[in-house]
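First to last, the protein sequences are chains E and W.
Residues in the first sequence are numbered from 1077 upward in steps of one, following the working numbering.
Residues in the second sequence are numbered from 1317 upward in steps of one, following the working numbering.
Just so you know, these hints were derived from the structure itself, not from any lab.
Just so you know, not all the hints are guaranteed correct.
[What the hints assert, rightly or not] Heads up, simulated DSS-like pairs for lysine-lysine below, C-alpha to C-alpha not over 25 Å straight-line:
1. Lys1421/W with Lys1385/W
2. Lys1077/E with Lys1385/W
3. Lys1133/E with Lys1385/W
[Said to hold, decoys possible] Reference excerpt, derived from the structure (chain W facing chain E, CB under 7 Å, subset only):
4. Pro1334
5. Leu1335
6. Lys1338
7. Tyr1348
8. Tyr1355
9. Pro1356
10. Gly1359
11. Lys1365
12. Ala1413
13. Thr1415
Glycine residues also receive a C-beta, built at the ideal position from the N, C-alpha and C atoms.
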Amino acid sequence: KAGVTQTPRYLIKTRGQQVTLSCSPISGHRSVSWYQQTPGQGLQFLFEYFSETQRNKGNFPGRFSGRQFSNSRSEMNVSTLELGDSALYLCASSLVGQGVDEQYFGPGTRLTVT
Amino acid sequence: AQSVAQPEDQVNVAEGNPLTVKCTYSVSGNPYLFWYVQYPNRGLQFLLKYITGDNLVKGSYGFEAEFNKSQTSFHLKKPSALVSDSALYFCAVRDQAGTALIFGKGTTLSVSS
């Protein structure tokens, strides 16, 4: 079974621009979560989608948004990029995304904002 | 609120020796606990999870974790460390909404030959 894929793997953007990151979950997984990883803050939860509905949201500004499509693929968008948005963005998928259901992570998208 | 703590930033062990990476948790309700490993420039790989009733959980690559309810701990262990085990290890717990994972700050494991 193919793993979680994320595109692009690397991205360089300028402050003020916007960016869209894509995530394809493992086949059959209906829950997709997004995390931001930085050296200073560690791994922080952004949001989680299940069956095209956002079920949970972390403590991030409204510039961060996401969506999920009917095939469970997900995108996240960051508008008006700031230097502090430079991070590794990780997508994770799971069957139902609750309880003991483990999450499987993609390789991440490394975003650099200059 | 749910939280996990990894008290050690780095753990150093010699190849062949047993290793322990510590994790303590604070939860209300059932503790849904997980361990992940991250190699440089890679995403996180799932190692194991706590299943209610199993105080010793076995996972991937020879790792196991010991759940201790009285000490609110979920320490990761391996009887004999390999150099290839050198990586960043994260303990995680489900949040109260039940869908997100809350991660510890991570522990860098360094295994010397």
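Going down the list of hints, with the structure as the test:
1. This hinted pair checks out: lysine 1421/W and lysine 1385/W have alpha carbons roughly 21 Å apart, not beyond 25 Å.
2. Pair hint lysine 1077/E plus lysine 1385/W does not hold up; C-alpha atoms about 36 Å apart against a cutoff of 25 Å.
3. Using a Cα cut-off of 25 Å, the hinted pair lysine 1133/E and lysine 1385/W is violated, with the two alpha carbons roughly 29 Å apart.
4. With a cut of 7 Å, the hint placing proline 1334/W at the interface with chain E is violated, because the nearest CB-to-CB distance is about 25 Å.
5. Restraint check, leucine 1335/W versus chain E: the minimum CB separation of about 22 Å is more than 7 Å; hint violated.
6. The restraint placing lysine 1338/W at the interface with chain E is violated, with a minimum CB-CB distance near 17 Å, outside the 7 Å limit.
7. This hint holds: tyrosine 1348/W has a C-beta 6 Å from the nearest C-beta of chain E, less than the 7 Å allowed.
8. Taken as an interface hint, tyrosine 1355/W does not check out: its beta carbon lies about 10 Å from the nearest beta carbon of chain E, beyond 7 Å.
9. Given hint, proline 1356/W at the interface with chain E, is violated; its Cβ is 11 Å from that chain's nearest Cβ, farther than 7 Å.
10. Contact between glycine 1359/W and chain E, as hinted, is supported at the beta carbon level, the nearest pair being about 4 Å apart and thus within 7 Å.
11. With 7 Å as the threshold, the beta carbon of lysine 1365/W comes within range of chain E, its nearest partner Cβ sitting at about 5 Å, so the hint holds.
12. Checking alanine 1413/W against chain E by beta carbon gives a least distance of about 5 Å; that is within 7 Å, so the hint holds.
13. Here the hint on threonine 1415/W is kept, as its CB sits about 4 Å from the closest CB of chain E, short of 7 Å.
This entry does not satisfy hints 2, 3, 4, 5, 6, 8, 9, going by the numbered hints stated previously.
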